Amino acid sequence: MLNAGLLIIRLVVGLTLMGHGAQKLFGWFGGYGPKGTGGWMESIGMKPGVAMAVLAGLAELVGGLLFAAGLWLPVAAVLIAGTMLVAIVKVHGPNGYWTDKGGYEYNLLLIAVAVALALTGPGLYAIG
Numbered sequence: 001m002l003n004a005g006l007l008i009i010r011l012v013v014g015l016t017l018m019g020h021g022a023q024k025l026f027g028w029f030g031g032y033g034p035k036g037t038g039g040w041m042e043s044i045g046m047k048p049g050v051a052m053a054v055l056a057g058l059a060e061l062v063g064g065l066l067f068a069a070g071l072w073l074p075v076a077a078v079l080i081a082g083t084m085l086v087a088i089v090k091v092h093g094p095n096g097y098w099t100d101k102g103g104y105e106y107n108l109l110l111i112a113v114a115v116a117l118a119l120t121g122p123g124l125y126a127i128g
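For the sequence shown, position 74 matches number 74 in my numbering, and the numbering has no gaps at all.
No wet-lab data here; the hints were simulated from the structure.
Quantities reported herein were computed from a predicted structural model and do not represent experimental measurements.
All residues carry an ideal CB built from backbone N, CA and C; glycine is no exception.
Among these hints, one or two may not hold up.
What the hints assert, rightly or not - The calculated PhoX-like cross-link candidates involving lysine-lysine, where the alpha carbons are at most 20 Å apart (straight line), are: (1) K35 x K47; (2) K35 x K101; (3) K90 x K47; (4) K90 x K101.
As the list claims (entries may be wrong) - Okay, the calculated beta carbon distance ranges per label pair: (5) P48 x L2: 43 to 51 Å; (6) G27 x L119: 12 to 20 Å; (7) S43 x G96: 20 to 28 Å; (8) I127 x G39: 33 to 41 Å; (9) L11 x G45: 29 to 37 Å; (10) V12 x V86: 19 to 27 Å; (11) L11 x P94: 28 to 36 Å; (12) I127 x V89: 29 to 37 Å.
Put together the whole structure using the sequences plus the hints.
Structure (structure tokens):
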């Protein structure tokens, strides 16, 4: 049962992050692609915006893929936690904790899950 639970966590979190990465990189799932996301990133002081959007998108896409697969979980956790820390510092931190107020609740939850699974391992149903 433990291994099935870890698989569910990895798939839901990993695939969700992959979707966020695809929004930034390809404009899928209602995203704005590198140019649109990059323009927004420039507006909050992250320059060059398009390069920052591509880096964030790659971190989310690759980190999510590795996480879902259970492959190189420490690398996946660093990609996920790093991206979420930047999101907290640059965007969500000043808004407080709760997501409905634009806060960092979601970001912190993803950091906790990524780090916890990197420490415990991916479970039996994993590639790596």
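Results for each hint:
1. Between K35 and K47 the CA atoms are separated by roughly 12 Å; this keeps the pair inside 20 Å, and the hint holds.
2. A distance of roughly 26 Å separates the Cα atoms of K35 and K101; the hinted pair therefore is violated under the 20 Å criterion.
3. The suggested pairing of K90 with K47 holds, with an alpha-carbon distance near 12 Å, which does not exceed 20 Å.
4. Taking the CA atoms of K90 and K101, the gap is near 15 Å; set against the 20 Å cutoff, the hint holds.
5. Look at P48 against L2: about 44 Å separates their beta carbons, and that is inside 43 to 51 Å.
6. A hinted range of 12 to 20 Å is violated for the C-beta pair G27 and L119, which are about 35 Å apart.
7. For the pair S43 and G96, the supplied restraint of 20 to 28 Å holds, since their beta-carbon distance comes to about 21 Å.
8. Separation of I127 from G39 is about 36 Å and conforms to the stated range, judged on CB atoms against 33 to 41 Å.
9. Restraint check, L11 to G45: a C-beta distance of roughly 35 Å satisfies the suggested window 29 to 37 Å.
10. Look at V12 against V86: about 22 Å separates their beta carbons, and that is inside 19 to 27 Å.
11. Distance hint for L11 and P94: a CB-CB separation of about 32 Å, consistent with the stated range 28 to 36 Å.
12. Against the hinted window of 29 to 37 Å, the Cβ-Cβ separation of I127 and V89 comes to about 32 Å, which satisfies the hint.
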